[in-house]
Amino acid sequence: MSQKDSIEKYIRPDLTGFGGYSARISPDTLEGKVEVPVDTIIKLDANENPYGCSPAVSKALASYDEYYVYPDDGQTKLRKLLAGYCGVDEKYIVAGGGSNQLIDLILRLFLNRDEEVINCVPTFGIYKFSTDLCGGKLVEIPRKDNFDIDIAAVQAAVTDLTKVVFLANPNNPTGNIISEVDIRDILGTGVVVVVDEAYCEFSRQTVVPLIEEYGNLIVLRTFSKWAGLAGLRVGYGLFPPEIADYILKIKIPYNINAAAMVAVEASLKDIDYLESMVEKIIDERERLFTELEKISWLKPYPSQANFILCKVEKGNALQLRQKLQEKGILIRYYDDTILRDYVRISVSKPEHTDALMNVLRNI
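According to my numbering, the sequence shown is numbered sequentially starting from 240.
To be clear, the hints were calculated from the coordinates, so they are not data collected in a lab.
Pair by pair, the computed Cβ-Cβ distance ranges are:
(1) Thr-576 x Tyr-260: 13 to 23 Å
(2) Asp-389 x Met-596: 29 to 39 Å
(3) Lys-316 x Arg-423: 32 to 42 Å
(4) Lys-316 x Trp-536: 48 to 58 Å
(5) Glu-590 x Pro-541: 18 to 28 Å
(6) Glu-504 x Lys-533: 42 to 52 Å
The beta carbon of each residue, even a glycine, is placed where N, CA and C say it ideally should be.
Model the full assembly from the supplied sequences, consistent with the hints where possible.
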């Protein structure tokens with residue numbers, strides 16, 4: 240092979256057309272493209288906690304002096320802390336570099352090429368991303384008009400090739416909840432059921448108590464949303480103990496960095512503060528919903544998360560996103576068939592709601 244020959248020919252054929260994951264844009268990329276300084280941009284597009292992490296986290300990170308030491312690969316202390324928070328034995332717990340990493344590990348563990356993953360669309364895009372990356376076949380089950388899951392359709396879609404069903408609860412981007420009865424019905428199929436509870440602190444609903452009852456249930460959570468640690472990338476899962484052992488074996492070494500471990504410990508020691516911030520976000524969610532209902536051309540959907548999905552009933556959703564961006568307000572637009580007429584708005588501080596509504600009223 241000459242020096243000019245491309246190694247692209249060695250790429251897996253199924254990845255040559257891989258589209259990747261559409262992460263949110265950084266405000267820094269909008270310099271000169273918006274009407275406000277980039278440091279005043281209001282981010283309502285990524286479901287981040289506008290109040291940030293606990294002040295105790297900042298203090299703990301500043302005082303920690305062992306960044307030169309590799310973190311505990313076995314996550315011993317971290318797993319105990321997370322187990323205490325969830326009210327389970329630590330044998331069920333494994334942490335990941337964000338719950339996205341655990342989704343990837345779950346599929347690596349269970350999925351052979353061309354085996355099936357059931358996905359109830361519209362939902363979190365990482366399920367499709369990771370399934371495609373692992374060479375699986377995605378079986379998409381459309382949700383009902385109110386975005387509830389079609390349980391009968393999910394059950395009917397299960398075949399001998401089905402390995403995993405993903406259920407976001409609350410669902411992203413629709414914000415609605417799946418009942419425990421419906422989750423039990425899907426667990427009854429016997430396939431691996433992954434319930435992604437990234438936003439459960441905002442809904443106060445969880446299926447963690449079912450983890451000892453069902454040997455095919457996996458529950459995922461994160462510190463990105465409620466605890467304001469999105470930048471440190473730390474999530475965790477509750478697995479059947481024998482599956483937790485496998486996940487620990489196949490994860491990359493030292494997958495949770497020392498800073499993330501320090502931040503989680505400090506967060507869980509300051510739980511009252513974090514829960515008070517969650518309450519503020521929930522209160523603001525209800526106010527935002529009420530205000531959005533007053534916009535005649537928007538239809539907001541009730542949410543149990545920290546965001547609200549809206550249908551743009553008059554006009555163009557993409558143009559709405561662009562107009563708000565020009566004013567320094569970022570919201571989430573979906574470039575796909577199901578959600579092309581929708582936008583998702585993250586719940587933020589009251590002053591951010593006021594700024595958003597001021598622009599919407601004048602469009």
